[in-house]
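Student: Please arrange chains B, C and D on chain A, whose structure you already have, making use of the hints.
The lines below spell out each chain.
Number of protein chains: 4
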Amino acid sequence: MDVGVIGLGRMGQGMAASLIRAGHTVRVWNRSPDAAKAVAGAKPVASAAEAFRGDAAITMLADDAALRGVIVEGGLLDSPERPGLHLGMSTISVSLAAELAALHERAGVPYVAAPVFGRPDVAEKGALNIVAAGAAAAIDRAAPLLDAMGTRTWRFGDEPQRANAVKLAGNFMLVSAIEAMGEAAAFAEGHGVAGGELLDLLTNTLFASPVYKGYGASIAADRYEPPGFNLRLGAKDVRLALAAAEAVGVPMPFASVLRDNLIEAMAHGDGEKDLAALARVAARRSGRG
Amino acid sequence: MDVGVIGLGRMGQGMAASLIRAGHTVRVWNRSPDAAKAVAGAKPVASAAEAFRGDAAITMLADDAALRGVIVEGGLLDSPERPGLHLGMSTISVSLAAELAALHERAGVPYVAAPVFGRPDVAEKGALNIVAAGAAAAIDRAAPLLDAMGTRTWRFGDEPQRANAVKLAGNFMLVSAIEAMGEAAAFAEGHGVAGGELLDLLTNTLFASPVYKGYGASIAADRYEPPGFNLRLGAKDVRLALAAAEAVGVPMPFASVLRDNLIEAMAHGDGEKDLAALARVAARRSGRG
Amino acid sequence: MDVGVIGLGRMGQGMAASLIRAGHTVRVWNRSPDAAKAVAGAKPVASAAEAFRGDAAITMLADDAALRGVIVEGGLLDSPERPGLHLGMSTISVSLAAELAALHERAGVPYVAAPVFGRPDVAEKGALNIVAAGAAAAIDRAAPLLDAMGTRTWRFGDEPQRANAVKLAGNFMLVSAIEAMGEAAAFAEGHGVAGGELLDLLTNTLFASPVYKGYGASIAADRYEPPGFNLRLGAKDVRLALAAAEAVGVPMPFASVLRDNLIEAMAHGDGEKDLAALARVAARRSGRG
Amino acid sequence: MDVGVIGLGRMGQGMAASLIRAGHTVRVWNRSPDAAKAVAGAKPVASAAEAFRGDAAITMLADDAALRGVIVEGGLLDSPERPGLHLGMSTISVSLAAELAALHERAGVPYVAAPVFGRPDVAEKGALNIVAAGAAAAIDRAAPLLDAMGTRTWRFGDEPQRANAVKLAGNFMLVSAIEAMGEAAAFAEGHGVAGGELLDLLTNTLFASPVYKGYGASIAADRYEPPGFNLRLGAKDVRLALAAAEAVGVPMPFASVLRDNLIEAMAHGDGEKDLAALARVAARRSGRG
Chain A
2 MDVGVIGLGR
12 MGQGMAASLI
22 RAGHTVRVWN
32 RSPDAAKAVA
42 GAKPVASAAE
52 AFRGDAAITM
62 LADDAALRGV
72 IVEGGLLDSP
82 ERPGLHLGMS
92 TISVSLAAEL
102 AALHERAGVP
112 YVAAPVFGRP
122 DVAEKGALNI
132 VAAGAAAAID
142 RAAPLLDAMG
152 TRTWRFGDEP
162 QRANAVKLAG
172 NFMLVSAIEA
182 MGEAAAFAEG
192 HGVAGGELLD
202 LLTNTLFASP
212 VYKGYGASIA
222 ADRYEPPGFN
232 LRLGAKDVRL
242 ALAAAEAVGV
252 PMPFASVLRD
262 NLIEAMAHGD
272 GEKDLAALAR
282 VAARRSGRG
Chain B
2 MDVGVIGLGR
12 MGQGMAASLI
22 RAGHTVRVWN
32 RSPDAAKAVA
42 GAKPVASAAE
52 AFRGDAAITM
62 LADDAALRGV
72 IVEGGLLDSP
82 ERPGLHLGMS
92 TISVSLAAEL
102 AALHERAGVP
112 YVAAPVFGRP
122 DVAEKGALNI
132 VAAGAAAAID
142 RAAPLLDAMG
152 TRTWRFGDEP
162 QRANAVKLAG
172 NFMLVSAIEA
182 MGEAAAFAEG
192 HGVAGGELLD
202 LLTNTLFASP
212 VYKGYGASIA
222 ADRYEPPGFN
232 LRLGAKDVRL
242 ALAAAEAVGV
252 PMPFASVLRD
262 NLIEAMAHGD
272 GEKDLAALAR
282 VAARRSGRG
Chain C
2 MDVGVIGLGR
12 MGQGMAASLI
22 RAGHTVRVWN
32 RSPDAAKAVA
42 GAKPVASAAE
52 AFRGDAAITM
62 LADDAALRGV
72 IVEGGLLDSP
82 ERPGLHLGMS
92 TISVSLAAEL
102 AALHERAGVP
112 YVAAPVFGRP
122 DVAEKGALNI
132 VAAGAAAAID
142 RAAPLLDAMG
152 TRTWRFGDEP
162 QRANAVKLAG
172 NFMLVSAIEA
182 MGEAAAFAEG
192 HGVAGGELLD
202 LLTNTLFASP
212 VYKGYGASIA
222 ADRYEPPGFN
232 LRLGAKDVRL
242 ALAAAEAVGV
252 PMPFASVLRD
262 NLIEAMAHGD
272 GEKDLAALAR
282 VAARRSGRG
Chain D
2 MDVGVIGLGR
12 MGQGMAASLI
22 RAGHTVRVWN
32 RSPDAAKAVA
42 GAKPVASAAE
52 AFRGDAAITM
62 LADDAALRGV
72 IVEGGLLDSP
82 ERPGLHLGMS
92 TISVSLAAEL
102 AALHERAGVP
112 YVAAPVFGRP
122 DVAEKGALNI
132 VAAGAAAAID
142 RAAPLLDAMG
152 TRTWRFGDEP
162 QRANAVKLAG
172 NFMLVSAIEA
182 MGEAAAFAEG
192 HGVAGGELLD
202 LLTNTLFASP
212 VYKGYGASIA
222 ADRYEPPGFN
232 LRLGAKDVRL
242 ALAAAEAVGV
252 PMPFASVLRD
262 NLIEAMAHGD
272 GEKDLAALAR
282 VAARRSGRG
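Chains as they are written, first to last, in the working numbering: chain A, 2 to 290; chain B, 2 to 290; chain C, 2 to 290; chain D, 2 to 290.
Bound conformation, chain A alone (with noise of 0.2 Å):
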């Protein structure tokens, strides 16, 4: 298919590889033109408008002020020439999915939000896993690309902002299993169990997943950098899992206790730091930090 690829962070560029070396004609775009360049085989094209239209078009920017800027103040469902569908995949707050969901209907362009879970270099294996909503003719259509850069595609029926919701609730207990864990180990330590042989025990043990073993490592290890989820933008999941949770009526108190820990990470000069250094918050709090 020929798709445009719009946003070049570390998961655009895994998931622009993805799609060439599926056989896919890739466009490019990036705000900051050098990102662009890095994907081999991918074509560089000036503008967002030269992105957002052929077979597909995907967008894999930071947050809802990037997708906002482009897509809707940048005036893309206006522009001519437009994609046979748009494929949001960033991870951005259920209220914008909605509002976009609605835009798109009315310009006529059929939208699919498939945020992912999964690190860089997941997505540049495209091992991703992948979770759609919106119309089925449309999720059926991108089926390619969703091959190409995920290992399976779970969907969520055809509201496509369902699949943002369950992006954030997912990454709401990414965040609680490291805070579990970062006030286990702080426990094991006022008992004179290293912080690490505890996570070593039970991340091999009932807890043998692949969130509990790469976050409990580097908790084990006490090493946050480079990281791999800056902390800042875990904060700002948990803030919109927050506030989604708020619109329908939802208290989430966990939430709201890493909300509390993760403002005190940044306020602790955390927040570029890996998401796993919340855990320095409950060592620190207990005076051991």
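Fair warning: there could be bad hints in the mix.
Said to hold, decoys possible - Covered stretches of chain C, going by a simulated chain D footprint (3 or more residues, C-beta under 8 Å):
#1 170-176
#2 216-225
Said to hold, decoys possible - Residues of chain A clear of chain C, computed beta-carbon distances all greater than 12 Å:
#3 D35
#4 V73
#5 A103
#6 R142
#7 A218
#8 A236
#9 A246
#10 V249
#11 E273
#12 G288
#13 G290
Derived by calculation from the structure, the hints in this document are not laboratory data.
Glycine included, C-beta positions come from ideal geometry on N, C-alpha and C.
Tutor: Okay, now just chains B, C and D, sitting in the frame of chain A:
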């Protein structure tokens, strides 16, 4: 080895059966004698003292009060005939564990704390994960028993109470995982996504570990009976973790949330349901319970 | 002075009445014109622009959106005839206050943020506590108006948004007081002590202050209608406080609990009841609601 | 009346002095005898048993352990000569109070629980607020003593432990007020407003009550020594409140936050400072501590 097992709840029965299967000679004692008869191949004895002798004695009792009643108030450490070592496998407080360590030292009975991870069906198969702490020589001597009951023994040094701290840390993480799933499911439901579908995705990808799969399936099915692990016992373990954390100056805000929510669950009649029923709290608070 | 009042909810009406009583000439404007007619002695005008002129204009609107709509989107700062100063008395976000401060500076209109403490009956009597920040000369000039509306003006320097931060801090403390009373009452009831008797003691001794007496009486009587201050508006203020706290890196765990509990209250239909209905959450969670 | 006072900390000394001033004959006993000599006009006795007789005995001890040690383990209820009634004025757990009520009933000694609100200087003046529960006739008989020590006695029925529940509820609200001020002050500082200026406004208006003014002044001055009420004792009371709440199925999320933050305060060396030092936690967490 010639071993006595004190405490034949569902866990104790499974452990005794595994010992017999491995060729050990097993005497068993339980406060209500019917349970003792339930273990094929074991020899019921008439008093705890008759079980607390031989090469080793194993205790697997419900809580601090039960263990204290049998060992300390029952005066077992003062009886003329005592075991070659005592394997304390109950989930108890760190403070009682430390007290028992001192009492055994004084009495000259080697004491190994060896709490376990695994439900009754895992105990039955001899596939527990065992957390052991105590004198290295004593643990070495207990190896044939530990190997019969578990797939692996994780050693945490020579202070017995550290094993109990590790056990409480693990159970805290387990209850945290349930709370996170409960909040995530309530959040998803609020956005029109079935909680079960959300958990199916997440427990097969990022969180593909035994704890998430097991409890996640209960939450997805909204089915909490019969209980595998009673909510009231989970609440007890969180209480023990909080007390042990306070003793060493560690704030645990997640554990505090768990405590509040478990109290709410019990106040609404879910104390004897499976621990996964904790997820109902988030649903109820959002008006969907 | 010749003053225009924009926004005639119950608070705005009381403030306009106080100004008239003090001899000021008062033009009034409200989105729905009926309210404007309700203020005896005031002159209803047909547009916000006709109110936003003269010696001073006062805005007392429900929230950020309403104020932004009238002032920023309504283009009032670009109109040819503008007031000698603008007293912004609404409870709004710190960030909007800062934005307005900058816009007024550019437009050359002195801007004083002057949110208030006090319910509608206090506004009616001209007995508010007013929190003012802005250029000292502008506050001095506004003194005759401030003195007409309040018993005392508390000055917080020359950055207008600081007054809004103070207002949000005060409302956070107010909602915290209600939550504390609600939990204490549920606790007492659990022990066979009527919540009302407990609060009668405490609000006449240690906590003998207006906030505790007023909201305590509602909780004691379990009566939340008619509302003095709608729970939904209290929830809005807690949300604004949390956002402003996050912006400057301050974790506020009490505010997080308030947020969760206010969401629960709204999810159970208490959004339009008096803020004191927050106390029902603690009762419900303990199974006595 | 002829009365014995057991326990001469700062509170007990002030109460004994008030009794003497009102013309009562006062025997005093304290574990460390120096304190007993400090009360002018009182007669030091050599044993708790010599104080636990006469028309009435008053106990004012530090905690459950001290009271249990003297009364239960000391066997005072079995001594041949016993008091006409026992006024238990210590701040103790609800469960110990219930246990004491039963023990006194069996021993035939009327027992009135009568914990107090007020700091040592208030005790010295005989101006305490006394919370009394027990048999009405016994409280009536104690009236001359209660009137000497307090400005008012608040009655809560005939089950002694209810008075202790009320006392714990009050102290919970007191610590909550400090936490709310601490968070509000940290929030204000983040926005460039001195915490002291914020609290000056609020504790003279909405929150013009003794508790807010007293602790607010400490926070404003950032001065926590010498302590009026030790943070460690406040933490004990929150712990007792949480235990009593759990016993009757009441979640108290504010109390849980207090518990976590008091643990943090003690972990950072503030246990022997004044309870107002709890406010330092919010400052520290925001990076300004």
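Student: Hints the structure violates: just list their numbers, smallest first.
Tutor: As far as the earlier hints go, 2, 8, 9, 10 are violated by this structure, in ascending order.
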